[in-house]
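S.K.: Here's the letter readout for the chains.
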Amino acid sequence: MKMTGARILLECLKREGVDTVFGYPGGTVINLYDELFSFKDIRHILPRHEQAGVHAADGFARATGRVGVAIATSGPGATNTVTGIATAYMDSIPLVVITGQVPTALIGNDAFQEVDIIGITRPCTKHNFLVKDVKDIATIIKKAFYIARTGRPGPVLVDLPKDVQIATAEFEYPEAIELRSYKPTVEGHPKQIEKAVSMLLAAKKPVMYVGGGAISGDAAGELTALATRLHIPVTTTLMGLGSFPEDNPLSLKLLGMHGTYFANMAVTNCDLLVAVGARFDDRVTGKIATFAPHAKIIHMDVDPTSIRKNVRVDLPIVGQVKEVLGRMLKSLDESGDKVAAFHTAIEPWLAEIEGWKQKHPITYKQASTVIKPQFVIQKLRELSDPDAIVATDVGQHQMWTAQFFGFREPRTLLSSGGLGTMGFGLPAAMGAQAAFPNRQVIAVCGDGGFQMNLQEVATLVQNRLPVKIVILNNNFLGMVRQWQELFFDKRYSQTCMELPIDFIKLAEAFGAKGFQATKSDEVEATIKKAFETPGPVIMEFKIAREEKVLPMVPAGASLNEMVLNA
Amino acid sequence: MRHTITVLVENEFGVLSRVAGLFSGRGFNIDSLSVAPTNDETISRMTIVTRGDDQILEQISKQLNKLIDVIKVIDFTDGEVVEREMALIKVTAEDSARAEVLRIADIFRAKIIDVTPKSFTIEATGAPAKIDAILELLRPLGLKELVRTGPVAIGRGAKALKG
Ligand SMILES: Cc1ncc(C[n+]2csc(CCOP(=O)(O)OP(=O)(O)O)c2C)c(N)n1
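Those protein sequence lines, which keep their order, are chains A and B. Everything in the first sequence is counted per our numbering, starting at 824 for the first residue and increasing by one. Everything in the second sequence is counted per our numbering, starting at 51 for the first residue and increasing by one.
Worth flagging that the hints you see were computed from the coordinates, not collected in a lab. Check each hint, because a few of them may be wrong.
[As the list claims (entries may be wrong)] In silico DMTMM-like cross-links for lysine to aspartate or glutamate, where the CA-CA straight-line distance does not exceed 25 Å:
#1 K1110/A to D103/B
#2 K122/B to D1126/A
#3 K116/B to E1146/A
#4 K1119/A to E108/B
#5 K965/A to D103/B
#6 K965/A to E91/B
#7 K1006/A to D125/B
#8 K116/B to D103/B
[To be verified] Per the computed footprint, the stretches of chain A lying under chain B, defined by three or more beta-carbons under 8 Å from a beta-carbon of chain B, are:
#9 937–951
#10 997–1007
Predicted model only: the values in this text are computed from it and were never measured. For every residue, glycine included, the Cβ atom is placed at its ideal position computed from N, Cα and C.
Produce the complete structure using the sequences and hints provided.
M.R.: Encoded structure:
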């Protein structure tokens, strides 16, 4: 049957199992929106800004493991998506972003609302396509989803000129796709895996260092099985939080710049570091030269480029971490009493780590009246549902959430790790809530980042998405202020946001509810009230203004040179 | 270290800018880059000359492989590869110098492809070092204009890369 390009696109999305898209209309996608008007199988959510639309699709993808979809018009609509796309790219999140484009005959003519979005997004997409012929739409969409979700996942942009949407063609969706130039490695090399097992069993001081790849690769189960079977301590990056339960005694929690004392000490002193789906980001390693100085390094990753990019690696394993860890587990089944001997051999190491945990647990000083942000996060954990999803924005509150919430399940923390995008938290929570209307979704924001995309409260209200928004209000761009305090003599250049914004009225202006807490003993009641109130709610906590995120490894210092309390 | 890298890519628009963008975006240097379709019209072949230590070259090769349109990447080491480059050289050639230019062109088996009373244009092909050598001899005579293609490379021996 002949269909318009616009209709073909929607049929393709449906075939890919897409039930929700986040999009914003405009001249070059008006035909697409016209088709959408009567297309009942796809729910469309209209954010108030295209950047937020892409973050929402990203939050949807992070929470579900499925491909998120966003739509924008050409020109300004398309450029507004760039921060969202770059955010997803840095964190390897599968997205398909569809942008309208001026008619093919006008491309390159500086037409109204024309921009070379293919050129602009080339460095921040896994791949992108300009569709020049209506007959190509189906194959290109099939390829786009395949590329987005396989291998190391990432965003794919499809630029669709207006005339291509209007033109008609027979619709046939390809069953499968073959790309001779794209063949991600799935299985790790068996010999390398064997070697990894024997290196592990020979170690006296092993540590596993786990990144977002364990979550996007759905490897949390295998990871937890392997670590608990062998009693190997596990530390995770921000992106890896939730891949290993933080209430497990083997958890060392977060490592790196704001990681725990015991995680950073364990990495500095270990003799074997097993990196799982992590990429040795500079926020994690500190000074490269002194990172894990005594350790042999095993690095498993689906993306060969991340291996040996920043650090020397003794044993690389390219493959899906789920596969690789699964095979390691199998191989352990056959290694008999070696495992028992290994348990005995690493006992002193576990005791040493326990000593570090006792010496410097992750903690803060409670105050009598003023609200400590860490206390708010602890209360949130206590009072929220066990399967609550927490999205954060970027800044101090993000690190306090990472340190004090205690993540136990994969895909329950949504946070912009690689790009550190302020404005991410609220729309990402919106995306997760759209995916899981019945789960509790909490957005933890600073007062700064919240103001970068606060217009999305309107979208929450309109679409009945009951996100509970936490604003940790210090009237500062807190994280930058912290750096200024520690490294710039307290010269607080442009980080103070002294403005009595009434966040409660703001919530009400959007048709949501708002509650405020100014004293420590109001925290619990405020959270309870917010959780009991249906619909989107803003909770504002006026927190200790100059509270710092600690411990902290100053940029460029070694992991064991932590500022523990200042 | 100088490396000659051969990249087979899908013959589609935009691929060249992806490859070039990868180099510029990551601060890798390109000495030269030449590209054209192969005997399989759906595939283009690039020859890229670049420099860097082993770690950089490993990254270049992996990053190239990561591009969706890249089918194959081969980093040739010296001795495994035959390289040829072409140069078009316009030199001043007046009076007694004309004979000297002709002699040099002859020694290098270069062709004169355009003649005026004041100049010769020479077509020279060969390994990059041979082009360098002819240029060195011609330069004192008055080099007016020079175009070099950058090398194209093919592996030695009977084994062939498809495409
Ligand atoms: C889009 C963007 N602009 C600037 C920054 C730099 N930056 C990082 S943290 C931060 C302060 C965030 O302040 P706030 O949102 O109030 O959170 P807090 O640190 O106080 O918890 C800034 C400005 C950024 N990460 N993203």
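S.K.: Confirm or reject each hint.
M.R.: Tested hints:
no. : hint              : verdict
1   : K1110/A to D103/B : 22 Å, holds
2   : K122/B to D1126/A : 16 Å, holds
3   : K116/B to E1146/A : 21 Å, holds
4   : K1119/A to E108/B : 21 Å, holds
5   : K965/A to D103/B  : 39 Å, violated
6   : K965/A to E91/B   : 24 Å, holds
7   : K1006/A to D125/B : 20 Å, holds
8   : K116/B to D103/B  : 20 Å, holds
9   : 937–951           : holds (count 6)
10  : 997–1007          : holds (count 4)
Consistency note: the structure conflicts with earlier hint 5 alone.
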